[in-house]
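Chains Z and F, in that order, are what the protein sequence lines are. Using this note's numbering, the first residue of the first sequence is number 1, and each one after it goes up by one. Using this note's numbering, the first residue of the second sequence is number 1001, and each one after it goes up by one.
By construction, these hints were calculated from the structure, which means they are not laboratory data. As the structure is a prediction and not an experimental result, all values here were calculated from the model. Don't take every hint at face value.
[Claimed, not checked] List of simulated lysine-lysine pairs, DSSO-like, C-alpha gap at most 27 Å: (1) Z:9 / F:1040; (2) F:1057 / Z:96; (3) F:1108 / F:1068; (4) F:1068 / F:1037.
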Amino acid sequence: DGGITQSPKYLFRKEGQNVTLSCEQNLNHDAMYWYRQDPGQGLRLIYYSQIVNDFQKGDIAEGYSVSREKKESFPLTVTSAQKNPTAFYLCASSLKAGAYEQYFGPGTRLTVT
Amino acid sequence: EDKVVQSPLSLVVHEGDTVTLNCSYEVTNFRSLLWYKQEKKAPTFLFMLTSSGIEKKSGRLSSILDKKELFSILNITATQTGDSAVYLCAVGSSGTYKYIFGTGTRLKVLA
Chain Z
1 DGGITQSPKY LFRKEGQNVT LSCEQNLNHD AMYWYRQDPG QGLRLIYYSQ IVNDFQKGDI
61 AEGYSVSREK KESFPLTVTS AQKNPTAFYL CASSLKAGAY EQYFGPGTRL TVT
Chain F
1001 EDKVVQSPLS LVVHEGDTVT LNCSYEVTNF RSLLWYKQEK KAPTFLFMLT SSGIEKKSGR
1061 LSSILDKKEL FSILNITATQ TGDSAVYLCA VGSSGTYKYI FGTGTRLKVL A
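Please build the complete structure, drawing on both the sequences and the hints.
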C-alpha cells in the first residue's frame, strides 16, 4: 500500500521544547516538502528537498530544521526558536521537484502551551 | 510578489446544484496549477493544468485554465454531500520548485 505517513497525529508540547515530526513515503519519490496550515491561510512552505542529502528553505523556515538522510524519510524539527509553533503540519512528496503533483500525508496537529 | 486568490471564500449549495470555484493568480513565469480537495486532513489531488493541458475532466469535476486572463475554474456538476470540503488551488512558476497556495474555498453541500 503506497503512500505517505505522518506521525503522530496529535502532539502536545510545552514551550521551550524541541519536537520532531515524522514523515515517511514509500512512493519512491525524489522530492519531499513540509507545509504549515493555519486557519484562514493557505499552506505555507517550510522546507523542501529535491533529492536525498539536499534540502532548501521555503518561505517560513525560521525556527525549523530538517534532514534528508534517506529517500523515504524527511523529518521536521520544530525548535524553541519558532515563535508560533501551534499549527497543522502537512508533509508532501512528488516524483520530482517542479511541475509534478504533490501527494500529501494525513498531517500532524501540534499544540504548544 | 507572487499570489494566488481563490473565490468565493465559502459557498453553501443544495444537492444537485452546479458550482464554479475560481482561482486567479499572479506569478512570474507560470509553470503549472494544481487543484486539491481537503476534507478533514490530507489534501487530495484532483487536477494539474499546464500550458499543454488547459482542460481536465474527471466524472462530475472539470477544470479549465485561462493563461491569458490568469485564472482557473473548478466546476462541480450535480453536487453531492460528499463534495463538501475545502478546495485548494496552488500555482507553481518556472525557476522554483515551490507552489503558492490560495486560502481555499469552503464548499458545503446540503442534502
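For each hint, the structure was consulted:
Between residue 9 of chain Z and residue 1040 of chain F the alpha-carbon distance is near 12 Å, which keeps this suggested pair within the 27 Å criterion. Of the supplied pair hints, the one linking residue 1057 of chain F and residue 96 of chain Z holds, its CA atoms being roughly 24 Å apart against a limit of 27 Å. For the given pair, residue 1108 of chain F sits about 31 Å from residue 1068 of chain F by alpha-carbon distance, which is inconsistent with the 27 Å threshold. Among the hinted pairs, residue 1068 of chain F with residue 1037 of chain F is consistent with the structure: their alpha-carbon atoms are about 25 Å apart, no more than 27 Å.
The structure is inconsistent with hint 3 alone, although it conforms to all the rest.
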